[in-house]
Amino acid sequence: MMNSVILSRRRVLAGAGALVVSFGAAHAIGQEGNTAQDMQSGARVSPPAPLPGSLKDAPLLDSWIRIDGDGGITVFTGKVELGQGIKTSLLQVAAEQLSVPLQALKLQTADTALTPNEGFTAGSHSMQDSGTAIMHAAAQSRIILVGEAGRRLGLPPDQLEAKDGFVQAPDGRKLSYGELVSEQILHVRAQPSSPLKHPNSFSVMNTPVRRADIPAMVTGAPAYVQDMRPPGMVHARVVRPPSYEAQLVSVDSEAVENAPGVLKVVRDGNFLAVIAVSEYQAVKAMRLLAAAARWDEKSALPRLSDLPNAILSLPSQDSEILRQGQPESSSGGRKLEAKYTKPYHSHGSIGPSCAIAEASGDQVTVWTHTQGVFPDRDAIAGMLHLPKENVRCIHAEGSGCYGHNGADDAAGDAALIARAYPNVPVRVQWMREQEHAWEPYGPAMVTHLAASLGDDGSIRDWQHEVWSNTHSMRPGGAGALLAAQHMADRVPAPPPKPLPLPEGGGDRNAIPLYKFPNARVVHHFLPAMPLRVSALRALGAYMNVFSIESFMDELAEAVGTDSVEFRLKHLEDQRARDTVAKAAEKFNWSAFQKRAGRGRGFGFARYKNLAAYCAIAAEVEVDRDSGRAKLVRAVAAVDSGQIVNPDGLVNQVEGAILQSTSWTLYESVSFDDTRITSIDWATYPIMRFAQVPESIEVHLINRPGQPFLGAGETAQGPAAGAVANAVAHAIGKRIRDLPLSGERIRQASM
Amino acid sequence: MIKLTVNGHEHELETEPDTPLLYVLRDELALSGAKFGCGLGQCGACTVMLDGKAVFSCLTPLLLAAGKNVTTVEGLGTLEAPGPLQRAFIEEQAAQCGYCIAGMMMRAQALLVKNSSPTDAEIRAAMEPNLCRCGTHMRILRAIKRAAALIKTADAGAAGRARP
Numbered sequence: 001m002m003n004s005v006i007l008s009r010r011r012v013l014a015g016a017g018a019l020v021v022s023f024g025a026a027h028a029i030g031q032e033g034n035t036a037q038d039m040q041s042g043a044r045v046s047p048p049a050p051l052p053g054s055l056k057d058a059p060l061l062d063s064w065i066r067i068d069g070d071g072g073i074t075v076f077t078g079k080v081e082l083g084q085g086i087k088t089s090l091l092q093v094a095a096e097q098l099s100v101p102l103q104a105l106k107l108q109t110a111d112t113a114l115t116p117n118e119g120f121t122a123g124s125h126s127m128q129d130s131g132t133a134i135m136h137a138a139a140q141s142r143i144i145l146v147g148e149a150g151r152r153l154g155l156p157p158d159q160l161e162a163k164d165g166f167v168q169a170p171d172g173r174k175l176s177y178g179e180l181v182s183e184q185i186l187h188v189r190a191q192p193s194s195p196l197k198h199p200n201s202f203s204v205m206n207t208p209v210r211r212a213d214i215p216a217m218v219t220g221a222p223a224y225v226q227d228m229r230p231p232g233m234v235h236a237r238v239v240r241p242p243s244y245e246a247q248l249v250s251v252d253s254e255a256v257e258n259a260p261g262v263l264k265v266v267r268d269g270n271f272l273a274v275i276a277v278s279e280y281q282a283v284k285a286m287r288l289l290a291a292a293a294r295w296d297e298k299s300a301l302p303r304l305s306d307l308p309n310a311i312l313s314l315p316s317q318d319s320e321i322l323r324q325g326q327p328e329s330s331s332g333g334r335k336l337e338a339k340y341t342k343p344y345h346s347h348g349s350i351g352p353s354c355a356i357a358e359a360s361g362d363q364v365t366v367w368t369h370t371q372g373v374f375p376d377r378d379a380i381a382g383m384l385h386l387p388k389e390n391v392r393c394i395h396a397e398g399s400g401c402y403g404h405n406g407a408d409d410a411a412g413d414a415a416l417i418a419r420a421y422p423n424v425p426v427r428v429q430w431m432r433e434q435e436h437a438w439e440p441y442g443p444a445m446v447t448h449l450a451a452s453l454g455d456d457g458s459i460r461d462w463q464h465e466v467w468s469n470t471h472s473m474r475p476g477g478a479g480a481l482l483a484a485q486h487m488a489d490r491v492p493a494p495p496p497k498p499l500p501l502p503e504g505g506g507d508r509n510a511i512p513l514y515k516f517p518n519a520r521v522v523h524h525f526l527p528a529m530p531l532r533v534s535a536l537r538a539l540g541a542y543m544n545v546f547s548i549e550s551f552m553d554e555l556a557e558a559v560g561t562d563s564v565e566f567r568l569k570h571l572e573d574q575r576a577r578d579t580v581a582k583a584a585e586k587f588n589w590s591a592f593q594k595r596a597g598r599g600r601g602f603g604f605a606r607y608k609n610l611a612a613y614c615a616i617a618a619e620v621e622v623d624r625d626s627g628r629a630k631l632v633r634a635v636a637a638v639d640s641g642q643i644v645n646p647d648g649l650v651n652q653v654e655g656a657i658l659q660s661t662s663w664t665l666y667e668s669v670s671f672d673d674t675r676i677t678s679i680d681w682a683t684y685p686i687m688r689f690a691q692v693p694e695s696i697e698v699h700l701i702n703r704p705g706q707p708f709l710g711a712g713e714t715a716q717g718p719a720a721g722a723v724a725n726a727v728a729h730a731i732g733k734r735i736r737d738l739p740l741s742g743e744r745i746r747q748a749s750m
Numbered sequence: 751m752i753k754l755t756v757n758g759h760e761h762e763l764e765t766e767p768d769t770p771l772l773y774v775l776r777d778e779l780a781l782s783g784a785k786f787g788c789g790l791g792q793c794g795a796c797t798v799m800l801d802g803k804a805v806f807s808c809l810t811p812l813l814l815a816a817g818k819n820v821t822t823v824e825g826l827g828t829l830e831a832p833g834p835l836q837r838a839f840i841e842e843q844a845a846q847c848g849y850c851i852a853g854m855m856m857r858a859q860a861l862l863v864k865n866s867s868p869t870d871a872e873i874r875a876a877m878e879p880n881l882c883r884c885g886t887h888m889r890i891l892r893a894i895k896r897a898a899a900l901i902k903t904a905d906a907g908a909a910g911r912a913r914p
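These protein sequence lines map, in sequence, to chains A and B. Residue numbers for the first sequence follow the working numbering, so the first one is 1 and each next one is one higher. Residue numbers for the second sequence follow the working numbering, so the first one is 751 and each next one is one higher.
A portion of the hints provided could be inaccurate.
[To be verified] Beta-carbon label-pair distances, calculated as ranges:
1. Thr683(A) with Glu841(B): 44 to 54 angstroms
2. Pro315(A) with Ala780(B): 46 to 56 angstroms
3. Leu809(B) with Ser182(A): 51 to 61 angstroms
4. Ala780(B) with Arg287(A): 48 to 58 angstroms
5. Met233(A) with Leu813(B): 35 to 45 angstroms
Don't read these hints as lab results, they were simulated from the structure. Even for Gly, the Cβ is constructed at its ideal location relative to N, Cα and C.
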């Protein structure tokens, strides 16, 4: 939680003097030694309180905001742009709190040599962590500059106004930020609270500022790591093993080495790659090399047709994550239970993963679309047995990833190949089948829910069990990288760990926000991973919310209560109730007329029970002959606290609804006993324009001055619940196995 | 030697004739708009126009493009002076990661060249070969509608001006 204090302008300015004094104390101590440690000792002057957002880990203001003598302002973030629009929204926050025009700011995103280490850009944390840090750093920087102007002009700070990059006095004198700044002035430790601007005065935050990066995308200007062409760059392609356990028996690479443009064949254990002058020469050489390689494969994959039982038969580490009242003890009352299943899902990035690396001596630089330049740097350094300082990872945008896709692996590939072919930049891009076959999937999961109902038609007892692999095998250790797993000096994948609550992994959102007198939730963590898995947007929340929301509808139907009313009956949180009510109202829920082949459904969750609230009402249509379902329309309501960019938020939620609908209705990773068989868009179909709904409405509930609540993943679960409930309403039967495919719907309808 | 006209500029290329047009555009002509997505004609990220028709540049060998007119997203306007389709995509904020967008736009441009007033159903049908994973579809559809209107306005303006 951030310690935001919303003050009136008068109180802000009145308080500024006091803040400047305390900054001054820390500043003086800091200047003696000029080190962060001295800053830490400076903090003893005012006892340390938790700093907001990522300031906790990078407490110096100039880690976030730097102002040059010429007035140029750079905002630093350890987060990265993934298509979620943070390059724009983070600057909105900074511009607002610094009182400068948006156009005056530059943003530096994650680079291990330049920015704070904010770990991964994941879990809908960018605004909560980085946005909060930048907001406070900007506000505190503004106050320091106002204080400095007051000192120079001989006026109390409360008579001065910061505006458009200047501090102005009532008599017309003004000083620019560039004039006011000196080398050390922002090199001070942040304070726990800041004189934030009052939301009523916002002119940049809570406005639909257009994204700064879209013009380049629509004119073909280089916008992605895939588009970089540093001088002298050569192209590489990897030949991946045909299956997880395959061992390279032999490869006769002579013909490949003599192929046009080929510069080098790289073999290191099971790692095989080829470097060529041009990209298509590399592609052709890769095909030759693949044909020349002989592999020994093992049949080690579970039976796809029996996947839920294969999941349930894996050894598990069980933990009870909620026990309330006296679960399982309730006697009498109507009891219901249900088992839900989810297959493996692909991230399915449209652009296969790509990276560029250059090795020079014992230094390596990697341009990568990873979600975490620092952990990726650590993994690459570990793989290459280099000190961390010798590896620099610079973020460059890629195709949307929606979690841990092949980005880190491609960076590892590029680094390993570049070490074998030093002093020129080496670009590696994966092929479509490599991305589909080797990306770490969103894990298959099983849930079992049971409940008993009281005479008043409310839930007396609630049980939820979830079986799942980990939802993060992200780097940090070298063993997370495919290249490290495949090289001769192989580093095995690290043992998987469950992600701790309150965020959780497989158990994310397994604890319902609904209130029941008796409840029990158990997480069965499955360490063995038949398929390579890691983080996919929303992690376990997608499946847990799908299960909870499906089951809530089954229970509502059992007691003959409207499903929105039934949810409200079990919701105490007022913001949750507001969100549910808003979606129902805008959908015109109570006036819905059922038609043949059509159905409506509702879904709700608060992401992780601590981020944004999202409620969705959906209408689907089911084709009688094929059984295929299609989303017709969806109406969402979202409360993500203080809104920064309303259009960016709507764009994220619209996208989340379509993506989740695609997962829910159409998607499933397939495999035989040895190999992944869903290796392209024909074998792993996703939503196409023919399945795109007629309309999506997103209604925002702004909460001025409240903390930012991450919203990038909040719709994944509610959309799945709403769509599944609408399918059940349309066909009069409940399908509990994902995806709700045409075949399953046809069979259920028979 | 293969001759190719790209966005109105003629090029003479020594490239091997089996090379897909996509690699020629990206690696030899340094045009970044068309993207590699699948290499299989399944996603449309590589879509460009060949003599006014939308094609998968990842599947079109250079030889088949010889002597023809290629239009890429760079041919629709510039950062400083974006064309109507580009303006429409900016105004609708019709992108998230944006990787699919250049291909979407070239598919849409080919439709608008043929049919200046497409219905919603016609737009959806025309866009079927192209995939978006971020779920930006609603905005893409709106942007294409908006572009059709913008092009009409521009045409009307041009028609109204005196011509030499």
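Structure-inconsistent hints, enumerated in ascending order: Structure breaks hints 1, 4, 5.
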